[in-house]
Every structure is written in C-alpha cells, then in structure tokens.
Amino acid sequence: MGGILFPRGVVEGRERLAEYRLRGGYEALRKALQGLSPEMIIQEITDSGLRGRGGAGFPTGKKWAFTRECAESPHYLVLNGGEDEPGSKKDRLLMEDLPHLVIEGVILASYAVGASQAYLYINAEYKDATRSTAEALAEAKEAGYWGENILGHDYSLNILAVAAPPNYVAGEDTAAIEVIEQKKPLPRQKPPFPATVGLFGKPTAVNNVETLANVPPIISRGAKWYRTFGTAESPGTMIFSLNEEVNRPGIYELPFGTPLRFLIEECGGGVKGGKAIKAILPGGPSSAFLPVQKIDLPLDHNSLREAGSSIGCGVVHVVTEGTCMVEDVLKIAEFFAAESCGQCPACRMETNMLAAMLKKVQQGQGGQPLLEQFSKVISFNKGKGFCNLINMPGPPIESALRLFRSDFEFHLAHGRCPEH
Amino acid sequence: MKQICLVCQNIDCKNRGSEALMKELGKRVAEKGLKDVEVRPYMCFGACQDGPNIVLYPEKSWYAGVKMEDLDDITGHLAGGPHVKRLDRIDSSLKELIYQLLDTGVF
Numbered sequence: 005m006g007g008i009l010f011p012r013g014v015v016e017g018r019e020r021l022a023e024y025r026l027r028g029g030y031e032a033l034r035k036a037l038q039g040l041s042p043e044m045i046i047q048e049i050t051d052s053g054l055r056g057r058g059g060a061g062f063p064t065g066k067k068w069a070f071t072r073e074c075a076e077s078p079h080y081l082v083l084n085g086g087e088d089e090p091g092s093k094k095d096r097l098l099m100e101d102l103p104h105l106v107i108e109g110v111i112l113a114s115y116a117v118g119a120s121q122a123y124l125y126i127n128a129e130y131k132d133a134t135r136s137t138a139e140a141l142a143e144a145k146e147a148g149y150w151g152e153n154i155l156g157h158d159y160s161l162n163i164l165a166v167a168a169p170p171n172y173v174a175g176e177d178t179a180a181i182e183v184i185e186q187k188k189p190l191p192r193q194k195p196p197f198p199a200t201v202g203l204f205g206k207p208t209a210v211n212n213v214e215t216l217a218n219v220p221p222i223i224s225r226g227a228k229w230y231r232t233f234g235t236a237e238s239p240g241t242m243i244f245s246l247n248e249e250v251n252r253p254g255i256y257e258l259p260f261g262t263p264l265r266f267l268i269e270e271c272g273g274g275v276k277g278g279k280a281i282k283a284i285l286p287g288g289p290s291s292a293f294l295p296v297q298k299i300d301l302p303l304d305h306n307s308l309r310e311a312g313s314s315i316g317c318g319v320v321h322v323v324t325e326g327t328c329m330v331e332d333v334l335k336i337a338e339f340f341a342a343e344s345c346g347q348c349p350a351c352r353m354e355t356n357m358l359a360a361m362l363k364k365v366q367q368g369q370g371g372q373p374l375l376e377q378f379s380k381v382i383s384f385n386k387g388k389g390f391c392n393l394i395n396m397p398g399p400p401i402e403s404a405l406r407l408f409r410s411d412f413e414f415h416l417a418h419g420r421c422p423e424h
Numbered sequence: 005m006k007q008i009c010l011v012c013q014n015i016d017c018k019n020r021g022s023e024a025l026m027k028e029l030g031k032r033v034a035e036k037g038l039k040d041v042e043v044r045p046y047m048c049f050g051a052c053q054d055g056p057n058i059v060l061y062p063e064k065s066w067y068a069g070v071k072m073e074d075l076d077d078i079t080g081h082l083a084g085g086p087h088v089k090r091l092d093r094i095d096s097s098l099k100e101l102i103y104q105l106l107d108t109g110v111f
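Which chain is which? The protein sequence lines are W and Y, in order.
Going by this note's numbering, the first sequence opens with residue 5, and the numbers climb by one from there.
Going by this note's numbering, the second sequence opens with residue 5, and the numbers climb by one from there.
Honestly, I wouldn't trust all of these hints.
Derived pair list, reagent style BS3-like, types lysine-lysine, alpha-carbon separation capped at 27 Å [as the list claims (entries may be wrong)]: (1) Y:64 - W:363; (2) W:386 - Y:99; (3) Y:27 - Y:39; (4) Y:36 - Y:71; (5) W:388 - Y:64; (6) W:187 - Y:18; (7) W:145 - W:35; (8) Y:18 - W:388; (9) W:145 - W:131; (10) Y:64 - Y:89; (11) W:386 - Y:64; (12) Y:71 - W:363; (13) Y:99 - W:363; (14) W:206 - W:194; (15) W:363 - W:388; (16) W:380 - Y:99; (17) W:188 - Y:36; (18) W:363 - W:386; (19) W:206 - W:145; (20) W:386 - Y:18; (21) W:35 - W:66; (22) Y:18 - W:363; (23) W:388 - W:194; (24) Y:6 - Y:27; (25) Y:27 - Y:64; (26) W:380 - W:363; (27) Y:64 - W:380; (28) W:388 - Y:99.
Here are the computed distance ranges between Cβ atoms for each label pair [what the hints assert, rightly or not]: (29) Y:96 - W:367: 41 to 49 Å; (30) W:278 - Y:45: 55 to 63 Å; (31) W:383 - Y:44: 22 to 30 Å; (32) Y:39 - W:417: 33 to 41 Å; (33) Y:109 - W:194: 32 to 40 Å; (34) Y:15 - W:367: 21 to 29 Å; (35) Y:97 - W:66: 30 to 38 Å; (36) W:419 - Y:42: 21 to 29 Å; (37) W:128 - Y:44: 34 to 42 Å; (38) Y:97 - W:151: 52 to 60 Å; (39) Y:109 - W:383: 16 to 24 Å.
No wet-lab data here; the hints were simulated from the structure.
Keep in mind it's a predicted model, so treat the numbers as computed, not measured.
Glycine residues also receive a C-beta, built at the ideal position from the N, C-alpha and C atoms.
So that you can see chain W by itself, here it is in the shape it has in the complex:
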C-alpha cells in the first residue's frame, strides 16, 4: 500500500518490538524526550494539519492545546478504540498489526498534553486487538518506553487498557469517559468538552486510534514532510474501509484527495458481479448519499462537504443498481433507532419515528404527505441531544429522498421495491 501508517502494506500478524525498531520505531519518542517540549510537539502536530480520524475531523493540535493549557490537573489521555461504526475495521487492524505505532502515538500525545495517565479504550469484541495491544504494552514497558522516567528522562506515564462496550454510543468520546469511570456508556452534555472537563472532571484529550498512529511519523519526519501527502486542508492519508459490495473488501490507506473512483475500482477491484453503481455513502451511515455521477470526487473533508456529504471515519458503502433506496435507508434508520441510548427524549422519539415512518413508506402507506414529514421531524429535533446521534439519520434519509425520490414514490404506490 505504501502509505504513512502501513509502509509495507498490511503486516501479516502483529509487528513485534524488534521489527518496529528496525524501521525507526520509538525514535520519535526519543527525539521528543531529548529535545522537544510538549508545546513544540503540539506546534508540530498543528503545523502538520492532522485532523481527527474518528469522524469529526477536528484539528488534533488544537484539541491538544486546549487540554495542555488547562490549569486543572491532572491531565488524561484516552485512546478511543471503541470503533463502533458499522463496517469500520481500520482501528482494529492498526491495534492488531501495528500496536507499537499506536502505543508510541499514545505516549507522545500524553507527553504533549501533560498526562501522566493514559487509557486505551478498546472495543471488547476485539479480542485479537486487545491481546496484541497488551503484548506490545508489556514489550514497550520492558524496553522503558513507558512507566517511570521514560528513557531516563523525568517524564513518567502509566498506561491502562479498558474494555469498551461494543455498542454505537459507547464510541462517543464522553461515553468512553463514563465507561472509564466505571459507569454506563452514556454521552454527556457538551459543552464542556472533555478537552477541558473530561475524565474525573479533569482535562482529557480523547483521540481516535488512527489519529494517534499518525503522530510518530509526523514527529519523526516533520510537518512539512507530512504535508507532501494529501491536500492543504486535509493533509496526510486516511484509511478507508470497503465492504462486501466490492471484489476486494478491506482497508486501504490513501492520501486525502484520491478520487473515490480509484478507491472503488483500483483498490476494491470494482463492484461484485460487475453491477453498475447507483449511489455511494462515502462516510458511514451518518453521511449523505452521493449519486454515481460524483464518483470522481476527491476523498477529502472539504470536497465531500461541498458535495453535501462527509468523510466520517472512511467507511465507504457502495449501493449497486437494483438496490432499493427505501430498503437501504430503512436499515440505516433502524440502526440508529436501535443504537440511540435513550437518555435524550428527542433522540429516542426522532430515531424511532423515522424508522416507523420509513416502514410505512416501505409498506406503501402514508402517501406524499408522509414524505414531506421527514425533513420536518429531522429539523425539529436537530441538536436536541447530548451527542451527535440525533443528527445522524438526517443526511442519509434526506439525500436518499432528494436523489432517489422515485424509489419512495414507487413504494407508496405499490407497497414494494421498484426493482424486485
């Protein structure tokens, strides 16, 4: 693949400490402790333009600066390996195959934000990733990369792994914090953001696994080098996940700005059975559908936003010709209804309502007036939840209605899918 994170393609099995060191592993940490202040690290990450890979795309340097500059102490670092987005497996593979890269990122981030305690929040269903990370943690501790007085310097860090419940909201950053505090995975109201009021009420940087895996290469080789990959607004690479709809499902690390067509056709080997593409959901179930005409769109934050969608955490779902959008969107709506944690009344109502409304459309009931209600229910509830889940069913539903209205109208008229 030849990317930043997977320099020799996906590793077959876990990369051991010795192998990681052979390719410069932990040199970024040594470099940092020997001569870079936390502020200098944050500056380098800010200059690199690194953005969070968990979905929101927030600038990592900025997030770290909020935590670093907070007078409250202690500070914490949380590695978010909840990875509950359906179809996403990038964080799992990073933790399974390149655990030392991830751990070095965790140590550097902890040093930058001034944390002496870091938590690795790992999806409880990821047995291999959990084992691989635990083994790598032991190796790294033995080698003096974390613990008391790292590499003989006066910086000390303790790291603890915590099992993340494998449900959707548990991957939300404040829900992760709740779990680490041994509570139920329920998102907190924001603001305050965890960067300033997080774990145990203290400043906490919560970063996605892929985000932190980008940190060692940036510190080793510099922001300028990093910016030779990707676009000005979205520097570096991103790991995209392709699923069963293509001939070669898997994860692909590509520079930001790579055309969507390249990912689907060159990396994924095209759609199974040579079927034509009807639509693409480029950023997971909470992004908006793109029509096939947008297949040459560059994969980066701005291009997708301008096209009315989003890059999310890089799970690309290809909808083939012959798929009914009502069925596809109903599955998404039912997913959010099932995953709403239920603590915010508006979210509970909205997600259930949208699924019920789509069910009606599927059965051919409700008529045109029902189609008009979708945007009303969505806009009525916008922003009325603690977390973003309440805003998630909107983009796929509204884009499907806009782009493929005839599928919905066919269902209303006949109570079945047009293509069946």
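Use these hints to put chain Y onto chain W, whose structure you have.
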C-alpha cells in the same frame, strides 16, 4: 367518528406508569360503553419529560402528565364532556409535528 386514544409506551412514560394507565383507560372506556373509542399504545410523542402522554386522534387533544385520578375526566371528555384543560400543556410546535405525522397515518 371513531376516536383513538394513543397512550405512549416509551421508557419515560412507562416508568411513570403508562402501562397501567393504558389498561385502566381501556377498562373504563369499556365500562362506559364507548364503542367508538379505541385505546392503543404509541411508540413516543417526544415529550418524555412531560409524560405519561395521551393523544386523542383524530380530535387532536394532547394530555400530558396523566395520572390515574385524571382518567375519569379523560373518559368524561371521550363521552362528550369538556376538554381537560389542566392536562393540556404541550408546546404547540411539537403538537403540530406529531399531529401532522398522525395525519399521514404513522401509528
């Protein structure tokens, strides 16, 4: 015209006793011989903090924070008596949204 009494059965309303309320309302409706009234569960009206919620449709009356002792007045209303003003306190924009949905047949 047939009147439907939709009784919310989502978590909050249920926690506040909406299951027992629905049962009791059904019983009283039957006792009064209100043949044109049907009592039915509903998934959620989105006014959880004000529950238990009961919406009469197609009449479009919304009763919030209903307690057992309110059921006589509600059955009275269903039998042609007055609107129970003290239980009518839901914001009009939410009412409008839910009524429009009910108009499209989302039950």
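**Request:** Report the numbers of all earlier hints that the structure fails to satisfy, in ascending order.
**Result:** 12, 17, 29, 30
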